[in-house]
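Enquirer: The chain contents come next:
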Amino acid sequence: MSGLLRICTAGSVDDGKSTLIGRLLYESRGVYEDQLQSVKAASRNRTAGSIDFSLFTDGLRAEREQGITIDVAYRYFATAKRKFILADTPGHEQYTRNMATGASTADVAILLVDARHGVREQTRRHARIARLLGIGTFVVAVNKMDLVDFDESVFASIASELPDLLDGAHVQPIPLSALHGDNVIARSGRTPWYRGPALLPFLEETVAPELPALAPFRFPVQLVIRPDARFRGYAGQIVSGRIAVGDSVTIWPSGTKTRVAAIVTWEGNLPSASAPMSVTLALADDVDVSRGDTISAGPLHVGRRFSANVVWMDERPLQPGRPYVLKHSTQTVTAWSDEALSLNQIAIAKITAGRPLAFEPYSLNRSTGSFILIDPSSNFTAGAGMIVEPLADAQRSADRDLADRVAHAARAARSHVDAVDAVRAVLEETLA
Amino acid sequence: MSFEHLRTLEAESIHIIREVAAEFARPVMLYSIGKDSSVLLRLAQKAFHPGPIPFPLLHIDTTYKFREMIEFRDRQAAHIGVNLIVHTNTEAIRAGTQPYAVGTQRCCGLLKTQALLDALQNGGFDAAFGGARRDEERSRAKERVFSLRDSRGQWDPKRQRPELWRLLNGRIAPGESMRVFPLSNWTELDVWHYIDAERIPVVPLYFAREREVIVRGDSLIVPEQPFVPLLPGERTERVMCRMRSLGCSPCTGAIRSSAATVSDIIDELVAVRHSERQLRIIDHDQDGSMEMKKREGYF
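Chains as they are written, first to last, in my numbering: chain A, 1 to 432; chain B, 1 to 299.
Hint data in this document are derived by calculation from the structure and do not stem from the laboratory.
Each residue gets a CB set at the ideal place from its N, CA and C atoms; glycine is no exception.
There may be inaccurate statements among the hints.
Cβ pair distances, simulated, as ranges [as the list claims (entries may be wrong)]:
#1 A:Pro317 x B:His79: 27 to 37 Å
#2 B:Thr261 x A:Val224: 52 to 62 Å
#3 B:Gln121 x A:Val224: 27 to 37 Å
#4 A:Asp338 x B:Gln121: 41 to 51 Å
#5 A:Ser274 x B:Pro204: 29 to 39 Å
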């Protein structure tokens, strides 16, 4: 068993994405018999001919009526080798935000390309978003090969186009006909020149990134659990790394150090735990910890300003200087951008948060490096951000930051004497 | 399926349940007594351990649920020590609402959707957990983990918020509420594997035994309610059968099965390829009927 693999699909409208997924589900028995019956009935209502595979995934009436995919559909299927969660995302540009949604949790992206049209702007855009969101493995599925007579040169020219765009990623081009099933489940006799794997076997063998378990320990605190005066624990999900009882940890953004006293679960206390487990930590010292703090092994950046790749997903544009609600890990703060962005635009923006956040670059950690921006008047999730690097705090905020750091240093100290030393160190460092 | 895969799903679901407890003022957990609710309840116990579950359970009782379900519900609530709210649209019951009198759509609308909306409003609940899974039905496959509802509990598929990473946006305007689906990424098979691994108690109706049923086409109907008529030529028969999903006895058919244990059920599911809602008569009234019910405020 190779474990769970999360996939998202991307491509331009009419490249046959839904058909390919319907085919995968159908062939891997991911479609139930009665759904098949209802799709067969609906296929008869729409067009003459055989099964319309796209009807398996286009779940909303408006989608079936218009024959397009509007929203992300999640599909679940399993083969003897592995379990898959597949996010089928729309091709229309106006729904690019849903593409980003699907890509944010995926391990592998399937980029659909219509063999007749080659790589189109929308596909490039989706490829860029998927890469930006940290996906490391791409299948370039050159579909509708039957309509170009399975011509190797057509495939080769498309296959050579995308790797440049996906620098650093593993790219596997596969010539397909989703409609007829060529190279979907097994290699097709109609592409004898193709030496690579068919799609499903490739997905079965792909190694999902082990990064979360290997990266340093990060634990955003969701809740303080305090059933009675004797117990105080911090509930959260380990987003990366591993922790054991007795390990030294730091609480951010305060920087307070302590040790893990117990790892509490419903099944009993554990000697150690690792990502992605949800646990409750009891700490050795009576320290100040609340929702929004992150418990970690090793340092995080603490600051109010950083640069980030921002995908804008709202019809109302991002306005520089307008306050937004920023959610990062389990922390919610007010934040501003220096950049203006309109729907579906992606750019690097400088973000200023109202309070210090403890973060890392997205390239190091998808959890501590990501955030969303919420429009405070509509409550819509308007932007998705991936932190690039910390920025020096602007002058006008320096005083408040200094006060924060002094307070944190004092609070983190174990004794009054330590506190005096810690505060002096912060002041000297700042004034130097 | 691998143990590791179930632990990943479990951890994600617990994360969702805790986010709701942290971000909403008055959450409630819909408890429908079925297998998904049983799993949800166990996840809630785990999420807040060693503390108690910090929100009540709510059962929308149409009064037409199987007797065994109600017995199980009361036993479980007492055993776990959780606060259980039971709500019935008593006005509609008094007016004689039942599926054979008013049709399944209207019956569901009054006894489930309306009752749910009233109960949520009465309790002032701003978030309600449900056990729905995306693999159940096509329109559910599109739904977010945090599903925003307007002041009338209605779902607007085009107003759905993007949901990235594990960052859930719980902000609502006054009058709006959130439906939350921690089991979104679970499949029916995952649910049974988890019940098996965790030894979670479920209603005995899921297990096969001989039951007195009306055989009506492909459906086996347990005649618990006096208003379920015998059609010409029908009589009750003893059939080895079980429930694949639980609902109201007049509208939920049993399946022929000899699966008498959880592991039998898992074996059967692997072999059988019929989706579980098929035997729920209500979803098949017309194409897209689940989506329409959801738009009206159903889960």
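Enquirer: Evaluate each hint against the coordinates.
Expert: Status of the hints after comparison with the structure:
Under the hint 27 to 37 Å, the C-beta atoms of A:Pro317 and B:His79, about 54 Å apart, miss the expected range. In this structure the hint that B:Thr261 and A:Val224 lie 52 to 62 Å apart at CB is violated, the actual value being about 41 Å. Between B:Gln121 and A:Val224 the CB atoms are about 30 Å apart, so this pair conforms to the stated range of 27 to 37 Å. Taking the beta carbon of each, A:Asp338 and B:Gln121 are about 43 Å apart, inside 41 to 51 Å as hinted.
Evaluation of the 29 to 39 Å hint for A:Ser274 and B:Pro204 yields a pass: the beta carbon distance comes to about 38 Å.
Violated hints, in rising order: 1 and 2; the structure is consistent with all others.
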